[in-house]
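K.L.:
Chains A and B, in that order, are what the protein sequence lines are.
When we follow our numbering, the leftmost residue of the first sequence carries the number 35, and every step to the right adds one.
When we follow our numbering, the leftmost residue of the second sequence carries the number 8, and every step to the right adds one.
Worth double-checking, as some hints may not be accurate.
Label pairs and their in silico Cβ distance ranges [unchecked claim]:
| no. | chain 1 | residue 1 | chain 2 | residue 2 | range |
| --- | --- | --- | --- | --- | --- |
| 1 | A | A51 | B | W208 | 28 to 38 angstroms |
| 2 | A | N294 | B | L14 | 53 to 63 angstroms |
| 3 | A | A163 | B | G206 | 52 to 62 angstroms |
| 4 | A | L42 | B | G131 | 20 to 30 angstroms |
Not close to chain B: a few residues of chain A, all C-beta gaps over 12 angstroms, as computed [as the list claims (entries may be wrong)]:
| no. | residue |
| --- | --- |
| 5 | S70 |
| 6 | I72 |
| 7 | P73 |
| 8 | S158 |
| 9 | R283 |
| 10 | V292 |
| 11 | F306 |
What the hints contain is simulated information worked out from the structure, not anything from laboratory work.
Here the structure is a predicted model, which is why all the values come from computation and not from measurement.
No residue lacks a Cβ here, since even glycine has one placed at the ideal position from N, Cα and C.
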Amino acid sequence: MLLLIPTLIGLTLIVFALTHAGGSQRLLGSYISMHSKIPISVQEQQLAERFHLNDPLVVQYFYWVAAFVQGDWGYTKTQVYSGTVLDAISLFFPNTLMLAVLSSILTAIMGIPLGVWSAVRKDSLLDQATRVISFAGYSIPTYWLGLLLLIVFASSNVCRCLNIFPISGTVSASLISGADWYSGGISYPTHVLVVDSLIHGRLDIFEDALMHLALPVVTLTYGVMASVLRVMRSSMQDTLDHDYIRTARAKGLEEKTVINVHARRNALIPVFTLLGYTIASLIGGVVLTETVFNYIGIGYWTTQAMLNGDVGGIMGATVIFGLGFIFANLAVDIACGFLDPRIRH
Amino acid sequence: MFGRNPLSSRLQEYRLTLRILVESPSSAVGLAIVIAYAAIAVIDFTHPSLIGVQDAYSMIPDYTSPVPSPPVWPTHAFGTTFPGVDLYQAVMSAIRVDLWYSLLIVLVGAALGTIVGVMAAYVGGYLDEALMRFTDIFLSVPYLPFAIAVAFVLGRALDNVSLALAIVWWPLYARYAYGQALSVKENAYIEAAKASGVGSWGIMLRHVVPNVLTPIFVQISLDLGTIVQVFAALTFIGFASGNPLLPELGTLISNGFQYAVAAPWVVFFPGMAILIFAIGMNLLGDGLRDALDPRRRT
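Please model the entire structure based on the sequences and the hints provided.
P.N.:
Written out as structure tokens, the structure is:
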């Protein structure tokens, strides 16, 4: 808990350093107007004055943090969105969160039971298959998997029968045109299309949006699930070797109780302590998956900002991913305390 | 024990490691894959014509037929990709480029991290606090967005991408080396060295660092498979767009991106090159970890 404050300060230090390392030219680029009557050099001077760029770096940092805390995160200008960084985040973040949450749920309900099962039936056919699947999962490049899925399931090249899913984006243009609650790739009011379509009672759009979500979610889930599966399997194997498991079996408990009550809960602890890394790879996966599938979210915005030389977008995305990472880790620490009383004391 | 020549005993150690490694089929496969990739990289560097590569440093475009054409044996074994580039030659040279950059990233990151981690653990006190808090700051942003932001600030070029990844990766090694050095520090032989009058630097360099290096080395082998993927991911999203004719696996996939559905081979072969290397490196890394585990060496 106490580590939260230094980590947050660390995050602001990183973002401040990165923002200012690019030089003032780049920093002010999006504020300078080419059509204004005021000469550019004068504009630059005025802006430097306004953003305190002539002060020492330490002083600049405090001005920057003050603006940051008050919600002035700068401007972004890309094809997907032009406006303040904070507005862009509020529009893009819900979509990204949806993707990340769906794939975390899938990871948990598939990775953990499969890991337990494969440890309990060690060296069985299922175990071998699971090991191959998980091994391939953390060796495969995320974006490449996405592309392969697109080729197989979204084009009729391989087999017409497999052409089930739409090729990219978040919704089919023909369905969404004319809806007054959708503009520029963003839906209103929650900005998550699957939710908004239900709010507006459009079941056809809901179904279409789900179909568009399927391949990105699978792509994102596979790599993350592979590492959870692997840790779960090895930790479950270690746990099953403990004396208390032998005791539980010796006193005549059913195997099901031994595994579900005695072993699994303890085996989950290493999985939880590694969740920090898992979340980091989930965030990395989000950036790549959104880029491959043209799925409009923070990750897509990041790559667009990078290609357009947009400082605001890059820094805004870094901040929001950093904050997400820090708070997710905090939640994991608290959950670990519930799972393992030894950590609480 | 005392009469033995130290060099021959070290050789015996290496031989034992290699034997344990080759005895397990999975790590033998991993070793074979990694050796094959290293061979491709070296041959591509010294005698590119041996593996049928005309120009190892630039892809040869053919603007008369820029659209990808399917694989034809033996002239275009992997087909061609945009803009009319022979994919086989491009992938072979790209393996060299990606391997070189990945190795650079891991080695720079590991060297930096080991120095910081060992210093913090061995010197302790305020230096420990300062160095490890500094490391923690770097770990507060997830690695991919962080690497994107750093590479963005440095400018879109391959050298900058690798520098950015090294900057993002060293804290993991620092944490790891720190933990290792803390436990090595408590060993009796460190106390013996101190008692016999060896200075702190001498102890750190001669006794702590060598004992930290083995686990770091295992970590390097486990990380290389990941680094190749992340490096190619960054070039895929457009960090190498300044030089579209440089053979590089992520750039190749990115060049072929718009043709992927009509011409699947343009993304299949470069991706396969990454996947097979990552599998090989992961198999080898797992094997090395087992082979260097003292509990298994009897």
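K.L.:
Look at each hint and say if it fits the structure.
P.N.:
Hint-by-hint comparison with the structure:
1. The supplied range of 28 to 38 angstroms is met by A/A51 and B/W208, whose beta-carbon atoms lie about 31 angstroms from each other.
2. Checking the proposed 53 to 63 angstroms range against A/N294 and B/L14 shows it holds: the Cβ atoms sit about 55 angstroms from each other.
3. With their beta carbons about 56 angstroms apart, A/A163 and B/G206 fall inside the hinted range of 52 to 62 angstroms.
4. At roughly 27 angstroms, the beta-carbon separation of A/L42 and B/G131 lies within the given 20 to 30 angstroms, and the hint holds.
5. Residue placement check: A/S70 keeps its beta carbon more than 12 angstroms from all beta carbons of chain B (closest about 27 angstroms).
6. Remark: the non-interface label on A/I72 is consistent with the geometry, its nearest Cβ contact in chain B lying 28 angstroms away (cut-off 12 angstroms).
7. Annotated as non-interface, A/P73 keeps its C-beta farther than 12 angstroms from every C-beta of chain B; the closest such distance is 28 angstroms.
8. With a least CB separation of 18 angstroms from chain B, A/S158 remains clear of the 12 angstroms interface cut-off, as annotated.
9. Residue placement check: A/R283 keeps its beta carbon more than 12 angstroms from all beta carbons of chain B (closest about 26 angstroms).
10. The Cβ of A/V292 lies farther than 12 angstroms from every Cβ of chain B, with a closest approach of about 27 angstroms, so its non-interface assignment holds.
11. A/F306, annotated as away from the interface, keeps every beta carbon of chain B farther than 12 angstroms; the closest lies near 18 angstroms.
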